[in-house]
Amino acid sequence: MTEPAAPAEDAVTAAAAVAGTATTAEVLAANPLRDPRDKRLPRVAGPCVMVLFGVTGDLAKRKLLPAIYDLGNRGLLPPGFSLVGFARRDWKDQDFAQLTHDAVKAHARTPFREEVWKQLREGIHFVPGEFSDDGAFDALAMALAEIDETRGTGGNYAFYLSVPPRFFPVVVEQLKRTGLADAPEGSWRRVVIEKPFGHDLRSAHELNEITTSAFPESSIFRIDHYLGKETVQNIMALRFANNLYEPIWNRGYVDHVQITMAEDIGIGGRAGYYDGIGAARDVIQNHLLQLLALVGMEDPTSFDASALRREKEKVLKAVRLPANLGLNTARGQYAAGWQGGEKVVGYLEEEGISSDSTTETYAAIKLEIANRRWAGVPFYLRTGKRLGRRVTEVAVVFQRAPHLPFSKDDTEILGQNALVIRVQPDEGITVRFGSKVPGTAMEVRDVSMDFAYGESFLESSPEAYERLLLDVMIGDPPLFPHQREVELSWKILDPIEEFWATQGQPEPYEAGSWGPPSADAMMARDGRVWRRL
Amino acid sequence: MTTFMLSDTTAGKISAQFTHLRHQMGAPAIGMVLTLVVVSEERHQYDALRAATDAAREHPSRIIVVISREADEPIRLDAELRIGESTPGEVVVLRLYGELTQHADSVVSPLLLPDTPVVVWWPGAAPDAPAKDAIGALAQRRITDATGFDHSGVKSLVTRAKGYTPGDTDLAWARLTPWRSLLAAAFDQPVGKVRKGLVEASPGNPSAPLLAAWLSERLGAPIKVADSAGPGLTAVRLQLGEGELAVTRTDSRLATLSRPGQPDRNVALARRQTSELMAEEMRRLDSDEIYEAAVKRFARTYKG
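Protein chains in written order, with the numbering used here: chain B, 1 to 533; chain D, 1 to 304.
It should be emphasised that the hints constitute simulated quantities derived from the structure, not laboratory data. Each hint should be verified, as a subset may be incorrect.
As the list claims (entries may be wrong) - Here chain D is said to cover these stretches of chain B; the calculated rule only asks that three of the stretch's residues, wherever they fall, bring their Cβ under 8 angstroms from a Cβ of chain D:
no.: 1; stretch: 44-53
no.: 2; stretch: 76-86
no.: 3; stretch: 308-321
no.: 4; stretch: 438-452
no.: 5; stretch: 478-485
To be verified - Residues from chain B that keep clear of chain D, each with C-beta distances beyond 10 angstroms, as calculated:
no.: 6; residue: G72
no.: 7; residue: K105
no.: 8; residue: A139
no.: 9; residue: E350
no.: 10; residue: D526
Built from N, CA and C at the ideal position, the CB exists for glycine as well.
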């Protein structure tokens, strides 16, 4: 029989030592019931209030409110957790509760349970008002003070700005004026913002000035929901927990990398936001460059925020644009066509889009990373709307074998080996390699090997927003891009956008196809092809 | 779903049949991450297999159910293979007769997935020292269930402590995770010194003494167990310098957290399905030192 485990005091010291830089280190040290060896206990947020601006928006209804419920259902919300809605509606608490209830019923991933709803319902409040209305924000401050009193939330507030960026200045100013942005000793105030983080370097900088005027950088959480996805976090596990891939993860073996986010939908109701922004600013600047950073970075010294961000920044800093942007980028705009058996209109015929809009709905760019690991390996990034189907993936395509001891006929249709990280919708990993076709002849052809980690199990695989909202409440920042990363990404994209602005109308492509011919021509010039998705 | 029955068979024939069925279904490669062996009596088989299959949605597994039947019959091995929609992995139910019941490991061992973890679960009665059991010895993780011991669940925990080997756990412990999580969350705000405490549960509930042992281990205060009307665990009361920190739950769904100087708050705290407990068990396959400390402390203080 072994000795009983270390007494509580030792464990607490161990907890503090292991927690290291974690923001919850003090909590751990003070809490005798926590122990880093106790892996069953989930990370639960401390008592807090989430204040949601923009409660009637699509994102709130489809993602945020259901994610909050799901967190509650998994037992990850703290006792007393409260949710405050703020919007320009003449509503009472129960109206907002009804909206939340409907959103949860329609979109939550976990089953509806009455007791979880009851817990959540008790903490739901609504404050009506305009963003410009001082009185409404005074009312919000009073409501929050009252919630601290009745629910024991201890002055910890997270403000989620699910509103268009043009409202940021006024909301942030109001939070500053009412003192809601200043955390009293022993509590915290955090602000959560969604993309777009500006539309170019300058506007991103201005936006940041506004936010940092009220909140310190460490309290600003920029949500890129891709980083909350299991497979995206798995990129780090795949690369840094294995010895199998890292030796070949460089210019010696990799031919090129393709990072794709294809959507089958059009712009839907987002005309007002999308027109003038376009595919590159909407998707490449944030999601695709973040994926590039995770795939291309060196191993971080640890997985805490500063170490991880440092490596991502290094790789973003090393990104080089091609000399000739005309030949190495492509942009397109979807025209009418057939998408998945439905007849759909072209971008210029969409409601709310002017018939001479030059906004691109497809963008492809070629980038290089100027460092020892990647020099000479192109990274092709592409995204588009109204493409054949919805898929996001990172494909690392390897060089051909230096010598094939087979006859040319035997390997005629053998492609290149590839490792594909499938981000959505079917999360997993695929390896493509050559295999002999059974039979008497030596015929070698490509086959795929798939791995998917139980993502079909709804209860278990948390939605990206769940993970990120929990991280905000816990104060754990590694999965949120830093302002420096945002600005570095704009530095990459700005010259391309400026070049495109001089090029007039984007090339049309038929809805349901895989983009404009110029994108294929761009690959063909390099002797490569896009992966068929 | 394809079900296939093999009577009077061998492990080799079962393996061959699995390969055949997978090829026939056109899915020869499945990313299974572990083998789950369920050692069960016939009466527990249906529920256990259901829970295991549900848990396999999170952890794609080959599930091997081992049922020992009449030992005085002639030696025979019957197998029921299931593959397809009910689970992302594969299921085989083995029924052993005669002297073979003493040598179940000889059937199980060749059916394990190569080079991946093995988990053994006894939904009912379990050997005194799971790690020394012939099948238990094949596994990294050995899961017992004190509530499977009908009326002697609490006492079985003493046996668990005596026979403990790293890698052992008990579902009575997994059932406590939401309670422990809530209590830990309550202690995230400083509460000061706990003087003594009480865990209330329906009589004979094996989770209650484990919770009490864990609390006294961590808090350094005496924690007693008292009977209540149930269902399951109904309350934890901790006596502080002034006032009481309490979590009470009477309907097995919604709990109330009360602490001095603060309003009472309701928290969802539903009893969980066995499949959820199993999914939690399979998430971490390393040894559970906190459980070890709790079960051993309980055994030291048990006066049955």
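Cross-check of the supplied hints:
1. Coverage of a stretch by a chain is defined here by at least three residues with a beta carbon nearer than 8 angstroms to that chain's beta carbons; for the stretch 44-53 of chain B and chain D the count is 3, and the condition holds.
2. Counting residues of the stretch 76-86 of chain B whose CB lies closer than 8 angstroms to any CB of chain D gives 3, so the stated coverage by that chain holds, three being the minimum.
3. For the stretch 308-321 of chain B, the assignment as covered by chain D is violated, since 0 residues bring a beta-carbon within under 8 angstroms of that chain's beta-carbons and 3 are needed.
4. As drawn, the stretch 438-452 of chain B meets chain D at 4 residues by the rule of a beta-carbon pair under 8 angstroms; at three or more, the given contact holds.
5. Residues of the stretch 478-485 of chain B with a Cβ under 8 angstroms from some Cβ of chain D number 0, which does not satisfy the need for three, so the listed coverage is violated.
6. The beta carbon of B:G72 is not kept farther than 10 angstroms from every beta carbon of chain D, the shortest such distance being approximately 6 angstroms.
7. The claim that B:K105 is not at the interface with chain D holds, since no C-beta of that chain comes within 10 angstroms of its own (minimum 16 angstroms).
8. With 10 angstroms as the threshold on Cβ separation, the claim that B:A139 sits away from chain D holds: the shortest Cβ distance comes to roughly 21 angstroms.
9. Distance check on B:E350: its Cβ is at least 40 angstroms (rounded) from any Cβ of chain D, clearing the 10 angstroms threshold; non-interface status holds.
10. Residue placement check: B:D526 keeps its beta carbon more than 10 angstroms from all beta carbons of chain D (closest about 33 angstroms).
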